[in-house]
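Student: Residue strings, one per chain:
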Amino acid sequence: MTDENHLGTMDDQRPPATGSDPAAAPVGAPRAPLPDREAPTAPAHDGAAAAVLGKQTAPGIAVTDLNAHYGAQHAIRSVSLDYAPNRVTAMIGPSGSGKSTVLRCLNRMHEEIPGAVATGKVMLDSDDIYGPSVDVVAVRRAIGMVFQKPNPFPTMSIFDNVAAGLKLNGIRGVDLKERVEQSLRGASLWEEVKDRLQEPGIGLSGGQQQRLCIARTIAVEPQVILMDEPCSALDPIATLKIEELIADLKQRFTIVIVTHNMQQAARVADTTAFFLSGELIEHAPTDQVFTNPGDSRTEEYVTGKFG
Amino acid sequence: MSALAGVSSRRRSTDQVMRGLLLAGTLIALVPLILVIYYLLKKGLGAWSWDFFTTDPTGNFLGDQGGVKSAILGTIEMVLLASIIAIPLGWGVGLYLVEYGRGSRFAAVVRYFVDVMTGVPSIVFGLFIYIVVVLNGWGGSSFAGWKGSLALGLLMLPVVTRSAEVVLLLVPDGLREAALALGTPRWRVTMKVVLPTALPGLITGSLLAVARAAGETAPLLFTATIVQSTTFNLNDRMNSLPVQIYTDIGSPNDQLVARAWGSALALVALILITTLVARLASRRSRL
Amino acid sequence: MAHQTRQHFADELQRVETQALGGLDLVTGQLDRVLEALEHQDVELAAMVIANDDLIDGRYLEVHQGLLSLFALQAPVAGDLRIVAALLHVMKNIERMGDQCVNIAKTIPLTGHEPPVREEVLERILRMGRAARWEITQAKAAFAARDVAMAEDLLVRDSELNLLNREVFQIAIDIGVDPDTREWATHMVMVARAIERIGDNAVDIGEQTAFVVTGLFREFSDSSHPQRQM
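Protein chains in written order, with my numbering: chain G, 1176 to 1482; chain V, 390 to 676; chain A, 6 to 235.
No lab work stands behind these hints: they were computed from the structure.
Treat the hints with care, since some could be wrong.
Claimed, not checked - No more than 20 Å apart at the CA atoms, straight line, and that leaves these computed lysine to any residue pairs for SDA-like:
hint	chain 1	residue 1	chain 2	residue 2
1	G	Lys1324	V	Gly448
2	G	Lys1342	V	Gly563
3	V	Lys581	G	Phe1334
4	G	Lys1296	G	Ser1308
5	G	Lys1480	A	Leu18
6	G	Lys1342	V	Pro585
7	G	Lys1324	V	Leu564
8	G	Lys1342	V	Lys581
9	G	Lys1480	A	Asp59
10	G	Lys1480	A	Ala77
11	G	Lys1324	V	Gly563
12	G	Lys1342	V	Leu558
13	G	Lys1480	A	Thr10
14	G	Lys1324	V	Leu429
15	G	Lys1296	V	Thr579
16	G	Lys1342	V	Thr579
17	G	Lys1324	V	Leu558
18	G	Lys1342	V	Met580
19	V	Lys581	G	Gly1290
20	G	Lys1480	A	Gln79
21	G	Lys1324	V	Glu566
22	G	Lys1342	V	Leu564
23	V	Lys581	G	Ala1313
24	G	Lys1480	A	Glu188
25	V	Lys581	G	Ile1377
26	G	Lys1342	V	Arg577
27	G	Lys1480	A	Asp205
28	G	Lys1324	V	Pro561
29	G	Lys1342	V	Val583
30	G	Lys1480	A	Ala80
31	G	Lys1480	A	Thr219
32	V	Lys581	G	Glu1374
33	V	Lys581	G	Leu1351
34	G	Lys1480	A	Glu17
35	G	Lys1480	A	Arg20
36	G	Lys1480	A	Gln46
37	G	Lys1480	A	Arg151
38	G	Lys1324	V	Asp562
All values derive from a computational prediction rather than experimental measurement.
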């Protein structure tokens, strides 16, 4: 695996560009260092809520030699990659490239499919989630997921939906009302629903439903949030609202997002990983991927020269 | 010359003919239904009276024959017990097939046999219970209400299972995934997310099975048989509407025959009410 | 790639690039004419050069608009983005080169009908002109072919131009006491400077070529650190 694929934290010092000496400037490092993309200058929409909910920093995920199969089909081939803490990492690639499969391996949802198997090391902090005695349920509480099609529970109210993660798992000792409010604020939905918390969750618009699902996910206080094409079923305005939300959320969580929409990856992600036929081709800072990608296959894909 | 051609007259007439044929077919199919309802009402309504519903059949050939209270109550009791047996079992099998067994060979085999069972004639269930449970005198009695319930339960089971499976499959996988992704153990996902979502549909399917069981005669002939008096002891022989009708309709006494029609009408009414409740329940379904 | 997924975009990008590089042909034409005017003291030809600069300005506007449309409508990224960004720079360079030609043309009427021409100066000026013309052609070929080596070679050619420029300057200083001659020599210094600027613009186009190919922007020579040349 080349160094490109093991991205350290974004705080690593970039070697200063040396002007006219071509040998010293590594491929992909432009002459003038680009502005630090993820410097959080704007506070979260509800800074108070964010502060109270704690967990200002989240761990990253380090994947080593991940392989996944659907029965006999080898879907993910020896993927190794690091997801930096409190950053947004996007995974892009054509259909069938394996990016969704990799995502589902990160919270062990992949193995819920009959006949599906995943092997390898996926380290959350210092724990390998594929370790021999690891409880899958605990993994999923630490690593949450938001799906492509918003899926609030139809039999539950807005309040119950957000509290579902806590109630379904019998988690006690939590002030539900407070947690629900904080989660809805964290998902930029509180103002819109605070007066109708008892109404059914499915009565909301598509964009609101997706934010409801995000609130539901963050209510259990995970460390990582996985997003599987979260905006592809939404209209452009709802999409932009969620992208804004992602920029806020990364202050508290590590975020991994799979998207078909390259412009979206360009807008929200700090680093972007490009997959093709089950392999990781390139993982680099997003602006590099979209101005000067290292691999010609990445270049072909982002410029749309192959579909 | 307009680019939009008009509908040719040939197409128009073909359209008319097809509509006519379909309408005719529908009317033909409706005729027996209407006739049945007509006859039921005509012949059965006359037998209805306060006594009809509140007195037991006396068994007298002449004189006061009594009503069919024990039959109505017996049907209700036996079908209730059959439901208690069959519905949870049926839902359980359905849940297994959908939540845990999807794609497994064992589940495919189970599904196959359930399908087979839906086609088994009801008399076979009756005979089965008769041979195994009645003749061997289980529970210290020969014929008994609960044995009739067993037979009815066997009849209901495949129907409940099949309808449960269909409804559970309608629950979108997205809901299961969402619950799993929150870190919920699978059994909790099934109990607290899938089941509540599917509940209205499950109830509808079950009520339809109930309606079917209420009207079956053959299983009861060999298991609960017939008795005149109202009893709440399920370990004893018990009366039921289908059997009562069966007994009365062959009688040379016109009044008994009339009572049979009245019972038939009562049975249909009972089933109608059950089905209506099922429909109302399904309207609340969010699937 | 026989038929690309974004054929329409590729065609449009090619069209705009051809249009932009075509501006270099306009410049060489201008340069040829102004050098001839200089050689034969042809005031009318000089006026024509000044008037024709409108063509170059027009080309600039056309290409600029085309590039803006590509940005807005096609959202180019990676290599395509670099091409579009580079063409913006290149077009500016072309426009400047055109302006330098005009500056040269403007000196011709000023030197009067029978200027006291000194052969050693004029000969060098004409040589500079030819070298600059060669640089323009090479810059165009390098960009079109995405040839970084050819682009880097421009610096070598340009050093020749710089040398001649310094020589002209030196000769002008020592030209003597005659005021007419000194006046003419001063104009020639300005002409030499203009041609040298044309050469610099051609080198800039070479730098853009390297940027398109490698994704790195590097000045081939840094005028503030003359010793650190390539």
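Student: Tell me the hint numbers this structure goes against, listed in increasing order.
Tutor: Hints 1, 9, 12, 14, 15, 19, 24, 27 and 36 contradicted; others consistent.
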